[in-house]
Amino acid sequence: EPEVTQTPSHQVTQMGQEVILRCVPISNHLYFYWYRQILGQKVEFLVSFYNNEISEKSEIFDDQFSVERPDGSNFTLKIRSTKLEDSAMYFCASSVRGNQGYNEQFFGPGTRLTVL
Amino acid sequence: EDKVVQSPLSLVVHEGDTVTLNCSYEVTNFRSLLWYKQEKKAPTFLFMLTSSGIEKKSGRLSSILDKKELFSILNITATQTGDSAVYLCAAGGTSYGKLTFGQGTILTVHP
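One line per chain: the protein sequences are W and C, in this order. As numbered in my numbering, residues -19 to 96 make up the first sequence, in order. As numbered in my numbering, residues 15 to 125 make up the second sequence, in order.
Hints were generated in silico from the structure; no laboratory data involved. If you're wondering where the values come from, they're calculated on a predicted model, not measured in any experiment. There could be a bad hint or two in this list.
[Unchecked claim] Calculated pairs, DSBU-like style, for lysine-lysine (alpha carbon to alpha carbon, straight line, at most 35 Å):
1) W:Lys22 to W:Lys63
2) C:Lys55 to W:Lys22
3) W:Lys63 to C:Lys71
4) C:Lys81 to C:Lys71
5) C:Lys81 to W:Lys37
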């Protein structure tokens, strides 16, 4: 069964460093998302992406964050200058449809980001 | 602000028991309610509900949506230890796919 994959599974970085989290969505899906989950807290929406541009972003997704689909398969989240509070599990998700809200989103296994 | 609230926050039962998990939501231009099971890492999709009163069923799990009362329940019958997990409820509106999640219900099933 097709699934969303993410690399790396765990990333440790120093505060102020740039990190890139990678995702390969399910191949026929058109809508892509990033969420994060700080330990013990809710899953929070970061950004949605369709047709090579951001569709919606949350308040969390500030200028330090960017997303890109550099080729036909990968979807990346870049954090330019990491802060301690960026430590979280980052989930990538994808869906066939996205607009109008009828979107079964399938999640990857996550990347645990630890900022020291 | 969109909001999803789940109850109870945690539940401990014995194998064979039936459980009911609750989810209430307030989402602008609501379109869909989704249930996920989260074991160690990734939320695994269970159900998507869009219409009131129509039960969705998969094995021992079932779910129903009440769009008038802004509420959904997830039932698990004849629970097994493998059902132990965090169950997440999420709601989607007409924005571009954003899901708003509840805080989850931690279900522990003892043998």
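For each hint, the structure was consulted:
no. : hint               : result
1   : W:Lys22 to W:Lys63 : holds (19 Å)
2   : C:Lys55 to W:Lys22 : holds (13 Å)
3   : W:Lys63 to C:Lys71 : violated (43 Å)
4   : C:Lys81 to C:Lys71 : holds (18 Å)
5   : C:Lys81 to W:Lys37 : holds (26 Å)
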